[in-house]
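S.K.: Letter by letter, the chains look like this.
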Amino acid sequence: MAKKWIYALEELGQEHLELVGKKCANLGEMTKLGMRVPPGFAISVDGFEKYMQVTGLGKRIESYFASQGDELKKSIQRQMDASRVVKDLIAATPLPEAMAEEIEKNYEALCRRCGEAELPVAVRSSGSVSMPGQMETYLYVRGSSEVTRRVLEVWESTFNTRAIAFRLEKGMPVDKAPIGVAVIKMVNAKSAGVVLTVVPTNGDEDNVVIEGNWGLGESVVSGDITPDNFIVNKANLDIERKLSKKTKWVVATGNGTIKADVPLHLQEMPCLEDEEIRELVRIALNVEKHFGVPQDMEWVVDRDLPFPENVIWVQARQAKYIPKRKDADADYLVDQMTRLFRR
Amino acid sequence: MANVNVQHRAAKLSTAVPGFEFDEEADLAQSPAWFLDGTHSVPPWTPLFGWFWINFCRHGMQYGAEMLSLPTVKGWDWRFKNGGGYLTLLLVKTEAEQRQREQRFRVAIRPFIDDYDGLWRSQLDEMLGLYQGLKKLDLDKASNIEVLDNFEQTINVCRRMWEVHMYMMYGTYTAYILFENMCRELLGIDDTHPLFHKLITGFDNKVLQVDKTIWEFSQKASKLGLAEVILHSEPKDIVAKIEAAPNGHAFMESFRAFLNEDGWRMQRMSEMNLPTWIEDPAPPLINLKQFLVKGGGFNLEAEREKVSKEREAAEKEVLAKVAPEQRGWFTTLLRLAQKSGVFSEEHDHYLDLYTHAMMRRSALALGRRLAGGGAIDSAEDIFFIIPDEIRKAAINPDQFNLRPIVATRRAQWQEWCKTPNPPVILKEGFDMDQAMGVLVKSNDPIALKVVVGSMPVVRPELKADLHGTCGSPGVTEGLARVIMSEDQLADVQPGEILIAATTSPSWTPVFSFIKGVVVDRGASLSHAAIVGREYGIPVLMNVFVGTQQIRTGQRIRLDANMGALYILDK
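Chains A and B, in that order, give the protein sequences. Everything in the first sequence is counted per my numbering, starting at 1 for the first residue and increasing by one. Everything in the second sequence is counted per my numbering, starting at 1001 for the first residue and increasing by one.
So that you can see chain A by itself, here it is in the shape it has in the complex (with noise of 0.2 Å):
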């Protein structure tokens, strides 16, 4: 039997970041957690590695970067040329059958699943460590052909020539870069955003920060705009709201997204219910529990769904924040106390 590389993500855990990268190795964690995740499949680097072997493929990008020798090393120029010759070869070497047969098979599956033909899907890149130039997201992509047109992508999308780049700085092999691939159900998103479990800016721990939008969650990830935001008290989850004008969204087209103008009587409302808050902050302490540290998470509200399971994750990672300085706030107000002493 030929050796599985496609895994649903509730097959996945943490322990499976080799295999699938990061994103993936997430989602199925969060799954494991009880979060709602939208529901989709992951591909494994097997996948890559299959594509490239079975199509012969990677062993002639890997005799052209032999040819290039030490050259490649110094010259942008030449990196320049040899994303552009790669990525050729991959756009020129179409999957093999049995593996496009195998997406289809699994997008199918996916499209039954949600009760939707030709469902809108995310593709998105999945390395197991994180590399420049490979955060290819492709939104709203329908049909199995598309989808498979847009796994090939990701994978040219190591070639791009910041990856190649990187990977000649860093003294990584140059010539191939497995990455997994993303595959998941696209939520019809009322509205989206961030949930941090640490105040990022003062490292304070005691509150929540939610910050969202209306649409997808890309205008508050891209800091285009700025979003509602809700202060929420660990303790007795108290809410502070600090709403704004939204008068920017981004959303879906028939065949990926675009960022629009939000409709007047949305603009100045807040983009979450309560109930909605209290939802995502619950969840959001539990994975910081499990974790044992400050998340960083986004979140999608689905339009078509009743609350609570309306409320579905889709990244949760180690937030990344201003330490408090354990004294910090202790040398402030030594500071202050003797400026009381100057008046």
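Quick caveat, the hints were computed from the structure, so don't treat them as lab data. The beta-carbon is built from N, C-alpha and C at its ideal position, and this holds for glycine as well. Heads up, some of the hints might be wrong.
Covered by chain A, according to a simulated footprint, are these stretches of chain B (three or more residues, beta-carbon under 8 Å) [what the hints assert, rightly or not]: (1) 1100-1107; (2) 1325-1331; (3) 1457-1466.
Subject to a maximum C-alpha distance of 35 Å in a straight line, what follows is the list of computed DSBU-like cross-link-like pairs (lysine-lysine) [said to hold, decoys possible]: (4) B:K1206 with B:K1223; (5) A:K190 with B:K1223; (6) A:K234 with A:K176; (7) A:K234 with B:K1321; (8) A:K320 with B:K1223; (9) B:K1093 with B:K1074; (10) A:K248 with B:K1321; (11) A:K59 with A:K74.
Keeping the supplied structure of chain A fixed, place chain B upon it in accordance with the hints.
M.R.: What follows is chain B alone, placed relative to chain A:
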């Protein structure tokens, strides 16, 4: 000639606090303004108590300021004049020295921020240990040498008490003042604002716990059928009447057991010539009687829960206005400020009142020896002689005659009590405004929060008869009761509004059944303000002339929020 000699001798004898007797020429040259400590030395002190206070409160203030290295002030200097304590600031003289002191201050203040509770607890434990040590000696069975030794130790304990007292008070009030400043800066409210009061109210403290225990005893007395007896007793016969009643003896036994634990306090906070609660249970029993007169439940429990809730709501309201990145230190500072009120009350109980009770206990034991040996007539005469004279006769009291000294000092003391001491002694050409200016400029935390306070703002549009500052928010109307000293407290009737110069922890029990308080002087950390807030009754402070202009029985309206007082039947 003989007459001159007698006067000369009398003057020498009257020096109750050698080295610190007020000397107009030398002392006004040292400082142009000396303030009477009206809170503690009115009415005038007995010589022995004055000796303790002047020596060691003075020492403690300088010790505290030095240990903390307060940048602008080195504590206070004290003088004794006609039974009154007069004090003046010791300012740091040069800016260079201020900078040097600042450096040490930064390190010294740190423990207050890092672990306030631990700091206070450790000092408290030390003091309680010292008291235990003093109490160990059976004063009736001990030898004269041992009794004298106990007295010498008591002197040391008193000195240590004032060190702890002032070190803690300077540190605590520094944090409190910073909190008040930050509230002004970030929220636009100061410490006379009702929201500010809500933030620092709703905490239990030892003094309130004692009040509550007395209330519980009143319930017990009712159950035992003692209510009628108590309601028909007066201070002078209350103990005897209860003892004679059925169940009365057992009741008094348990009441005395409670007093043995928590009754180490004086009827007057800063004097030792009146019995402690342990010697004379009448004052707490009169408190108990007042609870019975008032009837119903103890309002403190419900009231405290209410103020706790209000505090939590106020905290939320205030924190929402503080930027997230400032909340960390603001919360630390808020907690420190909240502890200031608890400290203000508890230090009176554990430090002043307890130490003074120890002083009385030890001095009276010596007094009994001296009287037994014939050196003085009665044990209480000990309050009219000072330690050097006591030492002279302590081991062999049959060999000495201290009666003439006692007689002269008693006569002097009686004279002191007839004429009030001036509130301030100023050098010629120096006025009160300048004197207050020096206090404020010193940045001395005790000067700012206990001595001076805020000045009332007169608002003509209110058409009020008197103005004051808000010590505890609220509005009330009722009959006035002017009380000038602790021994009149038994007259206070439930539902009255208390008018006083100042109040102290011995006054606390009446707060539970009166409607409001008006004091001539006070700041937000004064006793009246703290207790008024805990009991949820309005307190108006710094009215200055309340005790002069209001008469007992007049109907008055008190609007603490607006700082206004109306006399309704003039």
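S.K.: For each hint, tell me whether it holds in the structure or not.
M.R.: Here's how the hints hold up against the structure:
1. For the segment 1100-1107 of chain B, the assignment as covered by chain A holds, since 3 residues bring a beta-carbon within under 8 Å of that chain's beta-carbons and 3 suffice.
2. With 4 residues having a beta carbon nearer than 8 Å to a beta carbon of chain A, the segment 1325-1331 of chain B meets the requirement of three or more and the stated coverage holds.
3. As drawn, the segment 1457-1466 of chain B meets chain A at 0 residues by the rule of a beta-carbon pair under 8 Å; below three, the given contact is violated.
4. As the CA atoms of K1206 of chain B and K1223 of chain B are separated by approximately 26 Å, the hinted pair is consistent with the 35 Å bound.
5. With a CA separation close to 67 Å, the supplied pair K190 of chain A and K1223 of chain B exceeds the 35 Å bound.
6. Distance check on the hinted pair: K234 of chain A and K176 of chain A sit about 46 Å apart at the alpha-carbon level, beyond 35 Å; violated.
7. Restraint check: the Cα-Cα separation between K234 of chain A and K1321 of chain B comes to about 18 Å, which is no more than 35 Å; the hinted pair holds.
8. Restraint check for K320 of chain A and K1223 of chain B: not satisfied, since their Cα atoms lie roughly 65 Å apart, outside the 35 Å limit.
9. In summary, the hint linking K1093 of chain B to K1074 of chain B is supported, as the alpha carbons are separated by about 10 Å, within the 35 Å threshold.
10. Proposed proximity of K248 of chain A and K1321 of chain B is supported: the alpha carbons are some 29 Å apart, at most 35 Å.
11. For a cut-off of 35 Å, the pair hint linking K59 of chain A to K74 of chain A stands: about 24 Å separates their Cα positions.
Comparing the model with each numbered hint stated earlier shows that hints 3, 5, 6, 8 do not hold.
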